[in-house]
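*Asks:* Sequence:
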Amino acid sequence: MAFLADDISINTIIGLGSAVSGDVHANGFIRVDGDIDGNLESTGNIIVGDKARINGSITALSIVIGGIVLGDIYAPNGIKLLSSSAVIGNITTKNLEIEENVIFHGHCIALKNDEEFTAAEERFSNEIGIRSHAVNKAH
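Residue 1 is where the sequence shown starts when you use this note's numbering, and the numbers rise one by one after that.
So the derived label-pair ranges between C-beta atoms look like this:
| no. | residue 1 | residue 2 | range |
| --- | --- | --- | --- |
| 1 | G17 | I88 | 22 to 28 Å |
| 2 | F124 | N101 | 24 to 30 Å |
| 3 | G17 | E115 | 41 to 47 Å |
Here are the simulated BS3-like pairs of lysine-lysine, each with C-alpha atoms no more than 27 Å apart in a straight line:
| no. | residue 1 | residue 2 |
| --- | --- | --- |
| 4 | K51 | K80 |
| 5 | K80 | K94 |
| 6 | K94 | K112 |
| 7 | K112 | K80 |
Simulated from the structure, these hints should not be mistaken for lab results. Every value quoted in this text rests on a predicted model; they were computed, and no experiment measured them. In this text, a Cβ means the ideal position worked out from N, Cα and C, and glycines have one as well.
All chains, please: the whole structure from these sequences, using the hints.
*Replies:* As structure tokens, this is what we get:
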């Protein structure tokens, strides 16, 4: 997985020691070294540094995770989990790289074929909807 050549300059940085409470939506390349309690969304690529902690879902073209993520991760171009990462949530991508010693707990869709990827994504989305509806009815 490679970042796009025309998207190499970082547009947004959430630095070490910084904390954001709420959803973050940004254009372009984002680097996170601090904490986010909310969802993170970018039109470009995201790097989550090894000291970063995110309690929310992440959506971007490509994502490299070095820190802790408690939430779902969606990046159609690719996701790379570095050895320092821990992810508790579902992963959806067409290209997945996982280094040794990664902690990952969740459902994973990683299919390169566009048709298979779309079909698997749709099936999983429907399954999540059915589960949440069944859980809501039980209460």
